[in-house]
Every structure is written in structure tokens, then in C-alpha cells.
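Novice: Spelled out from the first residue to the last, the chains are:
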Amino acid sequence: MSLRDNPLGELRVPLTWTAGVIFIVVLIASVAILLSHRREAFDTDAYGHSRTLSDRVMAPVGDVLSTPGRLTGEGVDGVRGYFFAVSENRRLKAELKNMRQWRDVAIALKDTNQRYQSLLGLKTDPPIAMASARIVSDSRGPFANSRLANAGSEAGIKPGNPVMSENGLVGRVVGVTDGVSRVLLLTDVASRTPVMIDRTNARAILTGDGGPNPKLEYLRGLDPVKSGDRVLTSGDGGVFPRGLPVGVAVKGLDGRWRVVLASDRAAVDYVRVLLFQDFTQVARRAGLDKIEVPPPTPGASTLPPPEPVPATATAAAPAVPVAKAVAPLAKPAPKPPAKAGAAP
Amino acid sequence: MNRAGAQPMTPWRWLGVPMLLVIAATLVFALPLRFFGYGLPEPVFAMPAVFAWAVIRPSMLAPLAVMILGVFLDFLWNSPTAFWAVCLLLPYGVVLAGRAMLAGQSQVMMWAWYAGSTALALGAGYLFTMLDAQNAPDPISVGFQFLATIVLYPFADRLIDRFEDADVRFR
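For the protein sequence lines, the chains are A and B, in the order given. Heads up: the first sequence at position 315 corresponds to 315 in our numbering, and the numbers run straight through without jumps. Heads up: the second sequence at position 138 corresponds to 138 in our numbering, and the numbers run straight through without jumps.
The set of hints was computed from the structure by calculation and includes no laboratory data. Hints are supplied without guarantee of correctness; some may be wrong.
[As the list claims (entries may be wrong)] Think about it this way: if two alpha-carbon atoms lie no more than 25 Å apart in a straight line, the pair counts; the simulated SDA-like pairs of lysine to any residue are:
1) A/Lys251 <-> B/Met130
2) A/Lys215 <-> B/Ala115
3) A/Lys215 <-> B/Leu152
4) A/Lys158 <-> B/Met130
5) A/Lys215 <-> B/Met9
6) A/Lys251 <-> B/Ala136
7) A/Lys215 <-> B/Asp157
8) A/Lys215 <-> B/Met110
9) A/Lys215 <-> B/Ala100
10) A/Lys215 <-> B/Ala136
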């Protein structure tokens, strides 16, 4: 049957209307996908396997594309270092002289600190292992701020790990796969970081808003912060270890306290991922598991060992009154010793 | 001489090639490079293509192409899935609906329309982000992205100029 003979052959669907219908269908599908999206939690399933797959594809592409820029930058640095070697040498000597004084102070303080720790029997956090990575992709728009780093699960990186540059905290890992990690920056609108003001020990939540300087929210107390105060991670909540440098507090144009990030001092090209998960790694789980149950105190009432009950009997047995069940344990409470001078 | 009219207007030429160019430009601008201490701006390179596709002609493939570009941006920039798809589809739909009104307008007026559609996309993004993250994005950063995007109008103009008259049914 030819097309002309086909009863549907003369049917013409207006393209404009069809395009409109397709547009509406695509829009509805997109809105449905958007509404079903979940923000990242600390597990790969929540981050999404499609995202881990796309990260795995985009990281090598970013790596290749950024290579010319990186090599050019290293070349420019080399040439600059050659031509400015004398002034750089002078500056470094002055810095070294200053640092030697600080080293002496640090040694004295370390000694004092160790004495205090031994006197108080203070348990300090164990050293944290790190993994190095290079940033290969960077998104810095107002709605999302994240970076791709070229080290992933093979380096022991897990979602939630803090990420630092040589100057300060950058963010935390929200997605990881083999060879790639997605780092959520402190400036992202979804980022919330518990911090403290170094001078006053006041706590706050560092809230990103897509701008370069995240806000300090939930500040409490009288004058908890002033311009120039150092801001550190507080360690509250256990996601970040305590004391990581975050930045310096400044008063924003909108009158809110904000933080100039320490990591913004230089380009964030290489980062260290702290393999810190939460407080559970501070406790030695193996040691806790080995703790034996202490023997019962002589003369003290203890729970009788459970008697094995046949399954059929359990199913058929009537409910035992609670008072009867606890009767063997019920003993008159010991009377407190009579106090001297108390009325008889 | 513009040879576009002499060649058949295949989807690959007016949808596929611009899409690949948008993806390439977005990837390049996502590199962690700094010049004189400042990072690269982050314009929405998809916006000129989306605007031009709506002006050139109604199409069944164009909304799908817009959605694919949006999902690509979501995966690259780590925004919620389909966030940019919705943000780009909204101005696409508005421009498509007002296509007859846009025909024959001067270049300045078209630029103003393009700026309006960009404002719509970023405004939708602002609203969605506020609802999703329970936190308002920084308006100054949104403003910078808006400025960085509207200066890309010449690319949209080039695309429109090349393909607007290619299909005689939609003149």
C-alpha cells in the first residue's frame, strides 16, 4: 500500500503544536527529576551513581584541559623565580629569622603542653592520615560551588572527609569514586560548618551563600567576634576535627559577620584530604570490643542467666505479668545509714 | 555570502554543533585557573544557544537538547539534577511563545530580550536554590553571573543570523 493510499497519509500534525507539547512533556519530566533530587548525605548511594559516573568521565577531561594552563603557570613561576631570586632570597632570610623565634616559642609551649597533658591525664586526638590530590575542575557560580580532585576511594577517601589547602580549610568530600572526589566548598549554599572564634571560643555556623565570603550564623554571647578574629573549626558534630584554620572574621557590607577564607590566599590547585571521618575513629573500636564484662560483685543481686525456652512453648505461653517477672529481683531497697545527730 | 540557506537545515548543524561548542566552552571555563589572582568568570554558555534555538524555529528536538545541556551543567557544577534543565527550559518556553513578537526586532531589542530571558533563568535558579538549600544565594554573585552571561549575546545573534531564514516554513 503506497503512502497516498494510507488513510493516515494525509494527516499533518502542526509542527508548532507538536513542539509545544514536547516542550511541556520535557519540562514536566525535568521538574519531576528536580523534585526527586536529594541533597548529598555521607554515602555514595545518596550522591548518586550517575554523578559518580559523570565525575569519573569529567575528571580526566578536566585534567587534560588544565595541563597547558598548569604547565604555563609553572613555567612563569620558574622564570619569575629566576629573575627575582635575589629579592626572594632576602625575603626568605627575613622570614626564616622570624620563624626561628617562633620555633623556640613553639618548643617551649609544646613542652608545657605535654606536661599539662600528662598532669591532667588528657587524651588527645590521634594524628590524622592524609591523601594528596590535585584539583582538576572548579565550579564557582552562585548556585553551586564544588571542585573535582583527582584522588578517590583508592586513596582511602570517603564522603565527609575534610579538605585543606596549604592555607586553610577548603571544604569536605561529598562524593567519591575510584580516582575522583567531589569537594563541596565552604562557599556552597548547602555548606554548613561548625566553627569557633579563636579569641573568645564562641561558636557559630559558617554558612555558604555562593559568594566568596561565607556568613557566620548563630553567633551567641556579648561581642563574641570582632574584625580580624581568627576563625577555626570547632569540631562540634564530629564531621571536622577541631582547630583547622578557616579564615578571618570581617564585617560584610550587609552588616553581617562574614569570613575571608584562608584558602583564598592562593590558588587552590593541590589539596590535602584528611582521612578523618568522625569521633568514632578517635575511639579504638578493637580495644573497646576486647573489654571483658567485670565479674559480679559478691552478694549483689544480678540478673539470673536466661533459660532457653522452646519455641512452641514461647508461642503458647501466656503473657507473664511484669510484677511476677521481676519478682526475683525485687528486694527491699537498702536503708541509708543513720546520720549522726538525726532524729530516731 | 551566507551559505547556510543553501544547505539543508539538519538538526546536527543547528542543534548538535552549538551544543558541543557550549559543552567545550563550559568545560574550559570550569578549569581551576587564576589570572592575576582572580578566577575565570562562570557564564552560562548554554543561554545563547537556548535563546537562539527558540527564536530560529519551533522544534521537537530542541527541548530535548536544552534538557541534555541542563543535565550536563548539573553534573559538571554539582547542582541538583535537572536544576539547570528547568532553569533553561523556562526561558526557552517563554521565548518560543513570544517568537512572533520577536521577529524583525532590532539587534538592541533582541539583546534586551536575551537579557530578560537570562534574568528569568537565573531568577528561577535563585528561587529553586532558596527552596532546596533553605538559604538565599548571594545576589552579588548572581549579578556577576548575569553580566557574564548577557555579554554572550553576539553568539546567539550569530546563530540566529545563520539559521533564522534557513527554513522557509518559519519565516
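Novice: Determine for every hint whether it applies to the structure shown.
Specialist: A quick look at each hint next to the structure:
1. A/Lys251 <-> B/Met130: 23 Å, holds
2. A/Lys215 <-> B/Ala115: Not OK: A/Lys215 and B/Ala115 at ~30 Å, beyond 25 Å, violated.
3. A/Lys215 <-> B/Leu152: Answer violated: A/Lys215 to B/Leu152 is near 32 Å, above 25 Å.
4. A/Lys158 <-> B/Met130: 28 Å, violated
5. A/Lys215 <-> B/Met9: 51 Å, violated
6. A/Lys251 <-> B/Ala136: 19 Å, holds
7. A/Lys215 <-> B/Asp157: Given pair A/Lys215, B/Asp157 is violated - Cα atoms ~40 Å apart, limit 25 Å.
8. A/Lys215 <-> B/Met110: 38 Å, violated
9. A/Lys215 <-> B/Ala100: 46 Å, violated
10. A/Lys215 <-> B/Ala136: 11 Å, holds
When each numbered hint is compared with the structure, violations occur for hints 2, 3, 4, 5, 7, 8 and 9.
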